[in-house]
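There are 2 protein chains.
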Amino acid sequence: MMKLYYAAHTCALASHIALEDAGAEYSTVRIDFAAHQQRSPEYLAINPKGRVPALVTERGILTETPAMLAFIAQSFPKAKLAPLDDPFRFAGVQAFNSYLCSSVHVAHAHRMRGTRWADDPAAIEAMKRKVPDSVGACFELIEQKMLQGPWVMGDSYTVCDPYLFTLAQWMEADSVDIARFPKLRDHRHRMSERAAVRKAVAEELG
Amino acid sequence: MMKLYYAAHTCALASHIALEDAGAEYSTVRIDFAAHQQRSPEYLAINPKGRVPALVTERGILTETPAMLAFIAQSFPKAKLAPLDDPFRFAGVQAFNSYLCSSVHVAHAHRMRGTRWADDPAAIEAMKRKVPDSVGACFELIEQKMLQGPWVMGDSYTVCDPYLFTLAQWMEADSVDIARFPKLRDHRHRMSERAAVRKAVAEELG
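First to last, the protein sequences are chains V and R.
Residues 1 to 206, numbered by this note's numbering, are exactly what the first sequence covers, in order.
Residues 1 to 206, numbered by this note's numbering, are exactly what the second sequence covers, in order.
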């Protein structure tokens, strides 16, 4: 049985929802960021990066959301969470997820994790000030060019959807007005009605 | 025939090498960053993100290096550029590439692309000052925990190798001393002797 290490309000929610979507048997372990548990020797032995998520499988440990999402899709093909038999369409799924991890999540991280990239407190404040613009520009591109609707990749639900839903949760705290983005707003609403999403969210926030 | 849009000294080199490794038929188009060609209407029609690389295929256009590398590996299975029949090992390849795009490349980008995340010139200078530390910490983790040797994933060469080689090219300019990292230094040397690497590098710098 797989075990997902997560913390509330993090990108781990994407993999949590995908495990539900897949019908996987899994358990979860909550990591307490307020207590810096992600830097504990016990957790660093699981994920030397000191981040969540991490997925313990029978074969070993996986990290990095895009890799975990593709793994879940490939491991549970009956759930049809990605176009597994079409390398071009599968690459489209992966390109979307790669944009989320390397551009959207990174832009967002400059609000709370600025110390990764500067030491000067004034610089860290300057980073925070730009987050509404930089995150807003990412979601503008997603709204205009990437989100096909009703799901990210069109008619078929894929692992892109829980990942987008997860990062879109952060818009309000990043001072990005979701009312600017009607397709994204519809997507978030549609996701919030899925049983898998409700179960994963309830567990993480419970 | 596929067409790769690239600029010299960018992460596009990883896909360029992988296309050579795969024995693909492809052509290349150089985008001139000094002339801001990546923001031209013509190029934005190809990649609305205004970045390289972009890969034009018969089916459509792909972006994002990790997605393109997996696509190349899946499209040319005889080249054995990834463990395609083993979702867990394939996920290991993808996790490594995801770390490169979302952590290593992002840390590096704070030296030249700070305006993505702050407007204040002093903040942008503060970001530059931290690059040797932040990029160095990424390569320390790769050296200690991730690079199995002789290739990234062990005995088998995969698409992780050209991607690591590409980002490791930037260490000197980021003021990170590669002498600290004997496994990375060996990897870079081993890569530099491959015909595919020599061909791609010569074309990009020629």
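Do not rely on the hints blindly, as some may be mistaken.
A pair holds if it fits inside one copy or across any two, identical chains being indistinguishable in the list.
Straight-line alpha carbon distances no greater than 25 Å define the calculated DSS-like cross-link-like pairs of lysine-lysine that follow [claimed, not checked]:
1) Lys49 / Lys183
2) Lys49 / Lys145
3) Lys3 / Lys145
4) Lys199 / Lys145
5) Lys199 / Lys78
No lab work stands behind these hints: they were computed from the structure.
Quiz prompt | Enumerated hints in conflict with the structure, sorted upward | solution = 4
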